[in-house]
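Sequences listed follow chains A and B, in order.
Just so you know, the first sequence maps onto residues 1 to 66 in our numbering.
Just so you know, the second sequence maps onto residues 1 to 262 in our numbering.
Hints listed in this document are in silico derivations from the structure and should not be mistaken for laboratory results.
Computed from a predicted model, the values in this text were never measured in an experiment.
Cβ coordinates follow ideal geometry from the N, Cα and C atoms, glycine included.
Treat each hint with caution, since some may be false.
[Stated by the list, open to error] Okay, the calculated beta carbon distance ranges per label pair:
#1 170(B) - 3(A): 46 to 54 Å
#2 64(B) - 28(A): 34 to 42 Å
#3 49(A) - 178(B): 28 to 36 Å
#4 41(A) - 243(B): 39 to 47 Å
#5 232(B) - 41(A): 24 to 32 Å
#6 176(B) - 49(A): 38 to 46 Å
#7 9(A) - 60(B): 17 to 25 Å
#8 45(A) - 116(B): 53 to 61 Å
#9 103(B) - 8(A): 30 to 38 Å
#10 4(A) - 243(B): 43 to 51 Å
#11 1(A) - 2(B): 46 to 54 Å
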Amino acid sequence: MRRVKAFLLGVWEFVVGDDWRTALGVVLALALTALLAGASVSAWWVMPLAVLGLLALSVRHAARGR
Amino acid sequence: MSGAEVGLAVSVFLACAVEAVEALTIVLAVGATRSWSSVMCGVAAATLALAAIVAGLGPALTALPIDVLRVVVGGLLMIFGLQWLRKAILRSAGLKAKHDELETFREETEAARAAGTGHGGFDGYAFAISFKGVLLEGLEVAFIVLTFGANQHRIPLASASAAVAVLLVVAAGLAARAPLARVPENTMKFAVGVMLSSFGMFWGAEGAGASWPGGDAALLAIVPGVLLAANAIVWALRRTTSRGALAPATSGEALERATIGV
Chain A
1 MRRVKAFLLG VWEFVVGDDW RTALGVVLAL ALTALLAGAS VSAWWVMPLA VLGLLALSVR
61 HAARGR
Chain B
1 MSGAEVGLAV SVFLACAVEA VEALTIVLAV GATRSWSSVM CGVAAATLAL AAIVAGLGPA
61 LTALPIDVLR VVVGGLLMIF GLQWLRKAIL RSAGLKAKHD ELETFREETE AARAAGTGHG
121 GFDGYAFAIS FKGVLLEGLE VAFIVLTFGA NQHRIPLASA SAAVAVLLVV AAGLAARAPL
181 ARVPENTMKF AVGVMLSSFG MFWGAEGAGA SWPGGDAALL AIVPGVLLAA NAIVWALRRT
241 TSRGALAPAT SGEALERATI GV
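Pulled out of the complex, with its shape left as it was, chain A reads as follows (with noise of 0.2 Å):
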C-alpha cells in the first residue's frame, strides 16, 4: 500500500508538478474548448488565451512567494 501511494505521488509529481493550478487550467480550457467546438462556436481562441493567462498567474504567484 505504502509503494503504491509513493507511486502514484511520483506521478502526481512528475505530470502536475509544483503548480497544480496550470495543471487545472489546462484541463478546464481544454473541456471549455470541446464545449464550445461540440456547440459548433469558433473555439481556437480558448487555448492561447489560456496559456497566456496560465503563464502569467502562474510566473505571479512563484515570484510573489520568493
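We have chain A already, so just place chain B on it with the hints.
For chain B alone, coordinates are given in the frame of chain A:
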C-alpha cells in the same frame, strides 16, 4: 521535413541536451570521486530503463484514436511547457538562481566523498547515484519524445534527435573533462518551454474539436506569439524587481539580468 517535424526535432534536441548536461555533471562528479566502472553500470541501466519506457509506451500511445491522443498529448505538453517556461522566466528575471553546473559538481563530489568507501569491486553508491541521476533527468525527456513523437507518428525521429543530443553532450564532456558550465541552459530551457507550450496548445485545441485559422500555418503565429508573451513577462518582472517590489534571488543576478538574453 515539415515545419511540425522540425519543431519536434528541435524541441526534443534542446530538451534532451539540457537534461544531458545536468546528468553529465552528476556522472562526472561521482565517477571522478568513486568508481568509473560502477558509474557506467548505473548509466547503462538507466539508459536501458528509459529505452524500455519509450519502446513500451510508444506503441500504446500511437494506438489511441487521434483526437484522444491530441488532447492527452496537448494537455501534457502544455503542463510541462508552462512549468519549463515559468522557471526560465523567473531565472531570466533574476528571481530564481540559475543552474550552476560547477556548484552542482562540487556538491556531488563532496557528497560522494562523504558517503564512505564501498565493499569489494562494485560501488553501490556510485551505481545508485548515477542510475538515479540519469533516470530522473531522462524521464521528462522520454516523455517529451513519446508525446511529441506519438502525436506525429514520428517516435523514431524524436528518438534520433534525443540520441544526437546525448552523443554531442557526452562528446563535449569527454573533450572538456569537466562539467559543461558554459552551455546556455536557461536560454535552451526557455526555448523548450515556448515550443512545448505552443505545440501543446495547437494539438490540444485540435483534439478538443477546434479548428485553427490557417490550419498548420497557425503555428507560425503561435510560436512567436508565446515567445513574445514570455519575453514581455520577463520585461515586466525586471521592471518590478528594479523598483524594489521583488528582491532578486542573489546579488549576482543583477549582472546576469543585464547580460543574459532570452
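Task: Hint check, failures only - done: 1, 2 and 3
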